[in-house]
Amino acid sequence: MSTLTPSHAIVLRTVERCGTTVEAARQLHLTQSAVSKIIARSEASLGIAVFDRRDGRLVLRPQARALLQALGSVEGEWRALRDAVGDLRSGRALPLRIASTPSIGQGLIAQAIRRLVTEYPQARIELIMGDAPTELSQGSADLGVMFSPRVTDDIALTPLARASIIALVREDDPLANRGAVSLPELRQRRLICFDREKSPLGWLIARAHEAAGLDYAPFMTVPYSISAAHLLARQGDVILIDSLLTQAQRFEGLVKLTVTPELPITICLMTPRSRPLSRLAARFVEILTEA
Amino acid sequence: MKLNALHVIDAFVRLGGTGEAAQGLGISQSAVIKSLRQAEQELALSLVATVQGRLTPTPEALELTRLARPSFAALRRARHEADMIRVGMADRLRIATVPGLAHSILPPAIAGARLALDDRAAVEVMFDHVRDHLSAAEADLAISYGPMAVEGLSDIALRCSPLVCVLDEAHPLAESEVLTRGDLEGARLISYGPDGVSRSDSFQEALGQAGLADRIAITVRHTDTACHLAREGVGIAVVDGFVISSGLTEGLAVRPLENSPLVTAYAHHRDGAPLDRAARILLDHLSAAGA
Numbered sequence: 013m014s015t016l017t018p019s020h021a022i023v024l025r026t027v028e029r030c031g032t033t034v035e036a037a038r039q040l041h042l043t044q045s046a047v048s049k050i051i052a053r054s055e056a057s058l059g060i061a062v063f064d065r066r067d068g069r070l071v072l073r074p075q076a077r078a079l080l081q082a083l084g085s086v087e088g089e090w091r092a093l094r095d096a097v098g099d100l101r102s103g104r105a106l107p108l109r110i111a112s113t114p115s116i117g118q119g120l121i122a123q124a125i126r127r128l129v130t131e132y133p134q135a136r137i138e139l140i141m142g143d144a145p146t147e148l149s150q151g152s153a154d155l156g157v158m159f160s161p162r163v164t165d166d167i168a169l170t171p172l173a174r175a176s177i178i179a180l181v182r183e184d185d186p187l188a189n190r191g192a193v194s195l196p197e198l199r200q201r202r203l204i205c206f207d208r209e210k211s212p213l214g215w216l217i218a219r220a221h222e223a224a225g226l227d228y229a230p231f232m233t234v235p236y237s238i239s240a241a242h243l244l245a246r247q248g249d250v251i252l253i254d255s256l257l258t259q260a261q262r263f264e265g266l267v268k269l270t271v272t273p274e275l276p277i278t279i280c281l282m283t284p285r286s287r288p289l290s291r292l293a294a295r296f297v298e299i300l301t302e303a
Numbered sequence: 000m001k002l003n004a005l006h007v008i009d010a011f012v013r014l015g016g017t018g019e020a021a022q023g024l025g026i027s028q029s030a031v032i033k034s035l036r037q038a039e040q041e042l043a044l045s046l047v048a049t050v051q052g053r054l055t056p057t058p059e060a061l062e063l064t065r066l067a068r069p070s071f072a073a074l075r076r077a078r079h080e081a082d083m084i085r086v087g088m089a090d091r092l093r094i095a096t097v098p099g100l101a102h103s104i105l106p107p108a109i110a111g112a113r114l115a116l117d118d119r120a121a122v123e124v125m126f127d128h129v130r131d132h133l134s135a136a137e138a139d140l141a142i143s144y145g146p147m148a149v150e151g152l153s154d155i156a157l158r159c160s161p162l163v164c165v166l167d168e169a170h171p172l173a174e175s176e177v178l179t180r181g182d183l184e185g186a187r188l189i190s191y192g193p194d195g196v197s198r199s200d201s202f203q204e205a206l207g208q209a210g211l212a213d214r215i216a217i218t219v220r221h222t223d224t225a226c227h228l229a230r231e232g233v234g235i236a237v238v239d240g241f242v243i244s245s246g247l248t249e250g251l252a253v254r255p256l257e258n259s260p261l262v263t264a265y266a267h268h269r270d271g272a273p274l275d276r277a278a279r280i281l282l283d284h285l286s287a288a289g290a
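Line by line, the protein sequences are chains Z and S.
If you read the first sequence in the numbering used here, its first letter stands for residue 13, the second for the next number, and so on.
If you read the second sequence in the numbering used here, its first letter stands for residue 0, the second for the next number, and so on.
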């Protein structure tokens with residue numbers, strides 16, 4: 013015996029409204045015999061007669077009034093589900109959550125998002141500025157994009173692009189016209205940079221200082237490159253940050269210097285190994301890796 | 000969108016794999032996979048991904064299953080209505096309540112109402128999610144321990160009762176006329192746990208005010224269970240005094256709790272829709288018994 017389906021509910025309610033199978037068939041764009049068959053199947057599956065047949069008309073049995081009301085809920089919920097599937101398909105229902113840093117977010121990710129939204133104009137996207145490995149492990153982000161992150165075994169890393177560490181100084185700084193600078197030349201300068209424990213870039217810069225026989229002692233540590241760029245206050249201060257930020261944004265009154273020898277950094281995509289990606293997230297990964 | 004396919008997706012998500020879904024549905028694993036792939040095509044959604052060599056539900060599949068729940072519930076309600084018609088209970092009084100009150104104040108009120116209606120009224124009692132049942136018009140009348148304070152639903156305070164202690168007659172504390180909180184120190188207490196749904200629950204508030212909320216060692220859903228456990232000598236049941244009228248405490252000692260806060264039983268119905276005769280008579284009996 014077939015089970016009651018939402019389509020059956022829609023047919024039964026239309027027949028109740030119209031009173032005849034002919035009119036119901038017309039409204040539902042079905043044949044009259046199809047409507048009659050659905051009524052018979054529905055009544056068989058429910059184990060009750062829903063309609064009385066009187067003078068060629070189908071009249072709802074008084075006992076079945078509450079049933080028709082319940083079938084109304086079936087029809088309403090089914091329509092709502094169909095709409096919700098549309099929202100799922102368009103990317104509106106499940107946001108793509110990307111954990112990253114402002115400099116990567118403004119450059120690489122912004123370009124990839126621009127491509128993604130041409131394909132999914134209604135997609136919802138959340139850019140999370142936080143510790144990407146933690147956000148990913150907790151399930152509060154679907155993807156992470158970071159500089160050389162330290163991650164657990166549950167996270168797969170894919171190298172996406174290379175960048176390097178640069179220095180920023182004020183335009184009235186004696187170094188401003190040099191174009192390049194080495195770490196020993198910055199020995200007497202007040203450094204604004206990343207914490208060696210909290211940031212992979214901080215760890216990398218600290219290691220480069222040690223390799224050059226220098227102490228790594230920034231007078232101010234910041235979580236993101238953009239914070240450092242905004243904090244450069246006094247003449248003589250130097251900030252060491254990633255090169256992506258100045259590619260994405262111009263900072264009035266600041267001059268970029270290449271650091272020699274080069275301190276290369278790798279931007280990595282992080283994906284969870286044990287969780288599948290949504291279609292939107294999978295497409296975003298494709299766009300990022302194609303770039 | 001096909002109902003059968005949704006059932007397969009639901010089983011796949013709920014049971015966590017295609018093999019498990021096949022076992023649950025009593026079909027072959029290849030039929031499950033075929034159905035999932037067809038649904039992916041039809042809905043243009045990604046539902047299945049291979050993660051660490053295993054077919055796993057995607058975030059879209061999890062969300063779709065969550066969204067489909069109201070449709071499944073509406074179909075279940077429709078089938079239930081048909082069952083009620085089949086057994087001659089199409090015209091019935093539907094009461095949603097919590098187990099604590101279903102076994103105390105409700106039975107005598109139903110007995111009285113049936114007598115007044117010449118034994119003609121069929122009654123369906125449903126437990127839990129009282130507010131949802133009433134709001135969805137699945138119940139005509141509801142009884143709970145607190146006001147719902149929801150627009151469109153009326154709250155009627157029926158009667159109040161202090162907390163009482165139910166214990167085996169052989170228990171040493173049964174010799175006391177009244178029990179204090181101090182008497183209950185060291186005793187294993189049995190009572191109802193919060194249902195996690197009600198916005199206001201005068202029973203839980205009374206337990207808290209009596210300083211017993213964090214003293215309950217065994218939580219139960221039903222008054223009968225609490226009384227049976229007391230009869231077995233497992234502990235002392237702390238319940239509302241409405242239970243005395245139920246007969247469940249026969250052969251047990253019932254002792255008032257000194258200075259007990261009051262528990263209030265409420266009736267609820269939808270505004271606007273007038274109560275039918277059977278519901279009005281039952282409501283009169285519930286109110287009158289407390290007068």
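What the hints contain is simulated information worked out from the structure, not anything from laboratory work.
Among these hints, one or two may not hold up.
[What the hints assert, rightly or not] In silico DSBU-like cross-links for lysine-lysine, where the CA-CA straight-line distance does not exceed 30 angstroms:
| # | chain 1 | residue 1 | chain 2 | residue 2 |
| --- | --- | --- | --- | --- |
| 1 | S | Lys1 | S | Lys33 |
| 2 | Z | Lys268 | Z | Lys210 |
| 3 | S | Lys1 | Z | Lys210 |
| 4 | Z | Lys49 | S | Lys1 |
Note that the structure is predicted; figures quoted are calculated from it, not measured.
Verification of the supplied hints:
no., hint, verdict
1, S:Lys1 to S:Lys33, "holds, 14 angstroms"
2, Z:Lys268 to Z:Lys210, "holds, 25 angstroms"
3, S:Lys1 to Z:Lys210, "violated, 51 angstroms"
4, Z:Lys49 to S:Lys1, "holds, 18 angstroms"
The structure is inconsistent with hint 3 alone, although it conforms to all the rest.
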